[in-house]
Amino acid sequence: MAGSNPNAKPMNLTLKVWRQPNRQAQGNIVEYHVKDISPDMSFLEMLDVLNEDLLRGGQDPVAFDHDCREGICGSCDLFINGRSHGPEKGTTTCQLHMRKFSDGDTITIEPWRANAFPVNKDLSVDRSAFDRIIQAGGYVSVNTGGAPDGNEIPIPKEISDRAFEAATCIGCGACVAACKNASAMLFVSAKVSQLALLPQGQVERKTRVENMVAQMDKEGFGACTNIGSCAAECPVGISLENIAILNREFLAAKAASNNLA
Amino acid sequence: MSWITKTLTSSIGRKIIMAVTGLFLCTFLVVHLIGNLQLFKHDQGAAFNTYSHFMGTNPIIRTIEWGLVLGFGFHIFEAFALTRRNKAARGSQGYVSNHSEQNSEWTSRNMGILGSIILIFLIVHLYNFFWRARFAGDLPRMGGADEATRDYDNLYMAVVSSFHIWWYVLLYVAAQISLGYHLWHGFRSGFQTLGLNHRKYTPLIKYVGYAFAVVVSAGFASMPLYFFLFTNEQGELAANAPALLHSVASIF
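Chains as they are written, first to last, in the working numbering: chain A, 1 to 261; chain B, 1 to 252.
Derived from the structure by calculation, the hints contain no laboratory data.
Among the hints, a few may not be true.
Stated by the list, open to error - Okay, derived cross-link-like pairs now, EDC-like style, lysine to aspartate or glutamate, Cα gap no bigger than 20 Å in a straight line:
hint, chain 1, residue 1, chain 2, residue 2
1, B, 200, A, 161
2, B, 6, A, 219
3, A, 89, B, 101
4, A, 180, B, 147
Note that the structure is a prediction, hence the values are computed from the model and not measured.
Go ahead and model the full structure; you've got the sequences and the hints to work with.
Below, the structure is given as structure tokens:
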């Protein structure tokens, strides 16, 4: 393999994988053994190897979510050895490499656990609750017409940087999975503070936070208790400061908006 | 539901009630601790009993007391409401393997357990001192030559005798350790919930919170330990007490 480390020794691993045929069925942990895993493989490639073995043996492969495999789409979502996206800090599962594990390791792989994220099958979970929260207000309404000139709206560099930091959220749900309360507040706060910081977000500023928090509660996510495991597990480093911004945006909107509902 | 009740029963609304009542209760702890330091005065409880008589009879204090009742009430109620919501949010199937100790502090994940220990202590504590002083009226009188204070309850002696019961001292110390850990997370968490997160002030709030947790819990815990270890049944310093305590006592 090009670019691989010739000294890296292949590994044999024991996997404890959550298997669940469908949403309604009871699931359980099933043990598998994979052999000759290259340390250069990503975690998902290791699962590909497992699935090829299963297919060859006539068994049902393990379902798991993935798409870009470049750490930017937020599709991959495994709870590995008791951690969102595994033990490596600031990384998605697709960017977690097998060199972070050792030969002979036993690895427990589970889906995200939250009432609002039902398990579709095996390790794949339904995160459309996040989509509905975004639909409730995580956008700016822009009139169509000619494209505005670049830098027509002046935004200080510091503000645009902070908004961009919040905008890096990929919506993977690692925060919900890691949180003791299955709270989605880090995710919601990233979008709320991103748009609250920017001039384009001012028009819908109050209704946005009111509607997004209402939808978040409706989906059944928990309430933040400032534990901080969300920010610690976030692959893109969304900080707890955003939750503080969410709280004061919510309080200010509730106090000052004309919405009586 | 009106917008007010909707706001206050939303996830963030409940957090905000939790934070506001929690920080209010922190101010109560300061007042309570400073007042109780008079237990260390060597006057057979004269200062402490005068103080507790004032706290029990002054109309302004008695009015603020209702605020304290509401503060505790809402803090405890919201704790139960949030715990229920948050347990349901995880769903019926939890993790087989969950290493939350690798991404968060123990205290922050166990506020409910710590708070429950404090609640048990609070019930015992209120029954033993507050209930007896305010409602039961079975405390001895102070007596003495001073006519003004002769009929005051001798709460001091009730404290001294309680703090000579080993299991009582144990409960108090355990509760104060729990309180310390509760404040360790709770103090800064309250500011965060109220939206007060700033790179200039958040580190300050964090370390002030740590200091607050240690000083308050150690301060309260020192009282039962002092009477249990170093005084006789009348609250007089024992002869074998450390020299430091004797020199402190001689200052008063």
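Results of checking the hints against the structure:
{"no.": "1", "hint": "B:200 with A:161", "in the structure": "18 Å, holds"}
{"no.": "2", "hint": "B:6 with A:219", "in the structure": "16 Å, holds"}
{"no.": "3", "hint": "A:89 with B:101", "in the structure": "14 Å, holds"}
{"no.": "4", "hint": "A:180 with B:147", "in the structure": "59 Å, violated"}
Hint compliance for this structure: hint 4 alone is broken.
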